[in-house]
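Listed here are the chains, written in short residue letters.
There are 2 protein chains.
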Amino acid sequence: MADFHSIGIDTLGSETPTSEIIQGALEFARTRPGCRLTFVGREDELQCTREFGHKVVVCQDSVTLYESLVSVLRRKRNSSMKVGLQLLANGEIDGLVSTGDTAALMALSRQAIPMVPSFDRPAIIKRFDGKQRPFWMLDLGANIARKVNWLIQFARMGSTYATAIGPIQQPRVSLLNIGSEARKGPQILRDTASELSKTSSINFVGFIEADRLFDGASDVVVTDGFSGNVALKSIEGATRIAHHIIDQELHSSGLNESEIAISVAKDVREKLNAQAYNGASLIGLNGVVVKSHGRTDRIGIGAALQLAQDEIQARVPGHLKSHQ
Amino acid sequence: MADFHSIGIDTLGSETPTSEIIQGALEFARTRPGCRLTFVGREDELQCTREFGHKVVVCQDSVTLYESLVSVLRRKRNSSMKVGLQLLANGEIDGLVSTGDTAALMALSRQAIPMVPSFDRPAIIKRFDGKQRPFWMLDLGANIARKVNWLIQFARMGSTYATAIGPIQQPRVSLLNIGSEARKGPQILRDTASELSKTSSINFVGFIEADRLFDGASDVVVTDGFSGNVALKSIEGATRIAHHIIDQELHSSGLNESEIAISVAKDVREKLNAQAYNGASLIGLNGVVVKSHGRTDRIGIGAALQLAQDEIQARVPGHLKSHQ
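Read top to bottom, the protein sequences are chains A and B. Residues 0 to 323 in numbering that gives the first Met the number 0 are what the first sequence spells out, letter by letter. Residues 0 to 323 in numbering that gives the first Met the number 0 are what the second sequence spells out, letter by letter.
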């Protein structure tokens with residue numbers, strides 16, 4: 000599997016145009032001879048991919064944005080997301096990338112793909128690039144309910160993931176809180192911290208505040224899905240306002256006429272974007288499922304495919320099963 | 000009071016050097032002839048301010064960082080923060096600026112200053128600069144417990160504040176959530192949204208996601224103290240990593256030798272910093288209390304004093320009392 004593998008791509012149901020998804024995927028596959036793609040979507044849109052030797056699974060229906068979960072689960076018997084997950088469940092692909100709605104992907108994944116035993120629910124995990132080194136944060140929005148036991152499961156998932164994907168030996172695991180001292184924050188976080196301190200398989204280093212995320216003090220940041228999603232989206236919002244300010248200042252200074260300044264601004268933009276818009280993964284499932292950002296471009300699609308390939312090659316679900 | 004007023008400054012107990020606090024305050028007062036400052040702190044450090052006609056209240060003790068609240072409330076009978084709040088309670092100053100610990104400032108404020116009737120607890124509110132217009136978010140960390148009634152009080156406080164300070168007519172009030180559709184998020188937010196929709200004095204416009212904060216869809220964003228603090232600090236963290244990336248790219252491109260590029264980078268830095276490091280206010284108290292960022296500089300101190308002056312001149316506590 001490490002040498003030859005197949006990744007499925009759900010091409011429908013996002014704000015990213017299908018043509019951009021296809022372009023990003025073909026560019027990715029061009030330099031990865033061991034990777035074969037399976038496109039799931041409309042015949043007319045995917046026709047162009049056949050000549051490159053990729054597979055097409057035709058499917059007209061999509062999970063539309065803002066559709067209710069009840070409708071997603073019951074009515075859409077043949078949405079591209081559902082078909083893609085079924086291919087994964089049947090072993091016809093080794094991993095799936097979707098740009099569709101996160102809640103729908105979470106719900107349909109749980110229906111189609113079994114959980115790794117001893118984990119109750121999938122979490123969403125994503126890599127961020129800190130000043131000196133990367134870190135991973137989970138859960139970023141798959142769950143809302145707050146239970147000590149779930150946070151501990153997220154810590155175990157995250158620690159195993161960083162070990163496999165980093166690869167990082169004994170990743171330092173922290174809990175996102177609004178203070179770094181042990182007495183700070185809500186009771187559930189203090190209870191979770193106390194449990195994690197006693198768990199020998201986890202290298203728990205305490206609480207972390209969101210302004211310190213990028214400083215390198217922790218490799219895995221555990222949070223409930225609500226706060227994690229707020230953190231993720233705040234970083235996105237701040238990134239966008241940073242772009243806006245840079246563009247404004249370049250313009251008013253006249254530096255937007257300078258080739259070198261434009262090139263620097265472009266590099267800054269790409270590095271900032273990677274923080275916010277790269278792919279995230281559903282973890283805890285017995286299968287590789289990557290969620291690309293819904294408003295991404297061909298570069299974002301390439302990054303999501305790379306992430307799926309990395310997880311397939313690192314055998315993430317296998318590691319979760321064996322580190323119990 | 001609008002023409003002549005006095006602002007107190009707690010000069011001890013933060014990571015900002017007292018000399019920097021004094022410098023920022025003197026620079027602020029130089030161009031505001033109607034404003035007299037009262038410095039609270041150590042005699043030797045504050046001696047230099049007397050020649051400018053400002054008042055000094057001598058006080059050796061400070062609330063130190065990471066001190067427990069029990070110790071702050073019981074042991075420190077004469078900390079600069081406590082003395083400053085007492086001056087405010089006695090009407091000797093019209094507002095107080097502190098760079099000290101937020102939790103201590105919250106606890107001591109509640110001890111010294113009465114609440115505006117009908118509000119249970121103070122919240123922390125701060126202005127952010129969106130792409131086209133400012134917005135205010137509260138609570139940013141004064142509270143943790145999640146109650147519908149408190150969130151509704153925050154909405155009323157925030158709406159009144161934006162009306163007085165903006166000034167904005169009928170500010171659009173939203174709730175921070177992890178989805179914008181009515182069915183998204185935890186029950187408490189859906190219950191609060193339902194209540195706010197029925198409250199005619201509040202112009203409630205629904206849920207907002209953190210990545211849309213800066214887009215101008217809402218003037219007042221209401222959140223519980225935990226999520227609000229995560230959002231605030233994530234924005235700080237993202238701002239710092241943006242600085243880091245800009246510096247790195249300038250350096251590797253050689254543009255750090257260009258005067259104009261340095262000046263643009265400086266402007267970008269200042270605008271980004273204003274997002275994260277400006278002052279925040281305790282709201283709901285019958286008095287003006289502004290918390291400057293703990294790691295600020297003379298510019299940050301000036302911004303915090305300006306905020307205190309704006310709140311004094313807009314009579315924020317008076318408006319909270321009359322809009323009930």
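Just so you know, the hints here were simulated from the structure itself, not pulled from any lab data. Hints should not be assumed to be uniformly reliable.
The list treats identical chains as interchangeable, and a pair is accepted whether it falls inside one copy or across any two copies.
[Unchecked claim] For lysine-lysine, the following DSSO-like pairs were computed, each having C-alpha atoms within a straight-line distance of at most 30 Å:
{"id": "1", "residue 1": "K265", "residue 2": "K320"}
{"id": "2", "residue 1": "K320", "residue 2": "K197"}
{"id": "3", "residue 1": "K146", "residue 2": "K197"}
{"id": "4", "residue 1": "K54", "residue 2": "K183"}
{"id": "5", "residue 1": "K320", "residue 2": "K125"}
{"id": "6", "residue 1": "K146", "residue 2": "K270"}
{"id": "7", "residue 1": "K183", "residue 2": "K265"}
{"id": "8", "residue 1": "K130", "residue 2": "K320"}
{"id": "9", "residue 1": "K265", "residue 2": "K197"}
{"id": "10", "residue 1": "K197", "residue 2": "K54"}
{"id": "11", "residue 1": "K320", "residue 2": "K270"}
{"id": "12", "residue 1": "K146", "residue 2": "K54"}
{"id": "13", "residue 1": "K54", "residue 2": "K270"}
{"id": "14", "residue 1": "K265", "residue 2": "K130"}
{"id": "15", "residue 1": "K54", "residue 2": "K130"}
{"id": "16", "residue 1": "K130", "residue 2": "K183"}
{"id": "17", "residue 1": "K265", "residue 2": "K146"}
{"id": "18", "residue 1": "K270", "residue 2": "K125"}
{"id": "19", "residue 1": "K54", "residue 2": "K265"}
{"id": "20", "residue 1": "K197", "residue 2": "K270"}
Next item on the list: Check each numbered hint from earlier against the structure, then list the numbers of those it violates in ascending order.
Entry: Per hint list: 1, 4, 6, 7, 8, 9, 10, 11, 12, 13, 15, 17, 19 and 20 violated.
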